[in-house]
Amino acid sequence: MANILVLDSGVGGLSICQALLSQLEGVQIRYVADDACFPYGVKGEAFLIERLSQLIKFSEQRFEFDLIVIACNTASTLVLPALRSLVKIPVIGVVPAIKPASALTQTKKIALLATPGTVSRPYTQQLIDDFASDCEVVRVGSRVLVDQAERLLNGLVLDVDAIERELKEIIADDQVDTVVLGCTHFPLLKDVIAPFLPGKGFVDSAQAIARRAESLLVDLPHKASNDDKHFVMFTGAVPENKVFESALKKLGMSHVVLSKFDI
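Going by this note's numbering, the first residue of the sequence shown is number 1, and it counts up by one from there.
By construction, these hints were calculated from the structure, which means they are not laboratory data.
Keep in mind that a hint or two might mislead.
Heads up, simulated EDC-like pairs for lysine to aspartate or glutamate below, C-alpha to C-alpha not over 16 Å straight-line [to be verified]: (1) K109 with E150; (2) K99 with D129; (3) K99 with D134; (4) K88 with E64.
Go ahead and model the full structure; you've got the sequences and the hints to work with.
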């Protein structure tokens, strides 16, 4: 049985967990939501390297795991080389799905919906130059949608008008036919976003991350575990509502232990 450590600043990385669980058999998730430092999108490189290094170190003291997924686009573009030098197991990062979007678009005009940090980062521009140089890319950075995704999983009322305002540039552009959900929070909002963008396709990185994890795990000796539960841990406040537990079940995490992660 493979154990995967998944790290994010909030609940967005649970969209990656959903893909891992749907594509890989016999996987146990150890998910750390670093909500005490939410969101990672506004944090700098030095802080993220130090913080994620600490989270991995403290996780190693609690669990054994075979693979690490940094389930945050911002963190992945900044910290992967440093983290890979700290551990002997594979570390997978998440990047916006620019390449598959460029293959899907018929109009050669795509929208990148991500955090403000991700849309403006040089790494993102390099992805566009490498894989979508023949496309026009409309970049929309939104912190509001991150917050709304957090609210959704916790059963709080969404501000639908605010969501629509965040999407207005894409709504107004008939030439955009493919939308990259470039933040792991945004697939959680897909059913809310989609009605505002009829006729447009959506692509994210979750399935690609699951395929990469599957290919790596084939060649790795799995650490023994007799625990059939998933663990979802929070560095800040632990959700204490049935709505969140129900949301986890919909994402494929039926046997879950929620707990505080002290660091």
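Status of the hints after comparison with the structure:
1. K109 with E150: Given that 16 Å is the threshold and the Cα spacing comes to 29 Å, the pair is violated.
2. K99 with D129: holds (10 Å)
3. K99 with D134: holds (11 Å)
4. K88 with E64: holds (13 Å)
Hint compliance for this structure: hint 1 alone is broken.
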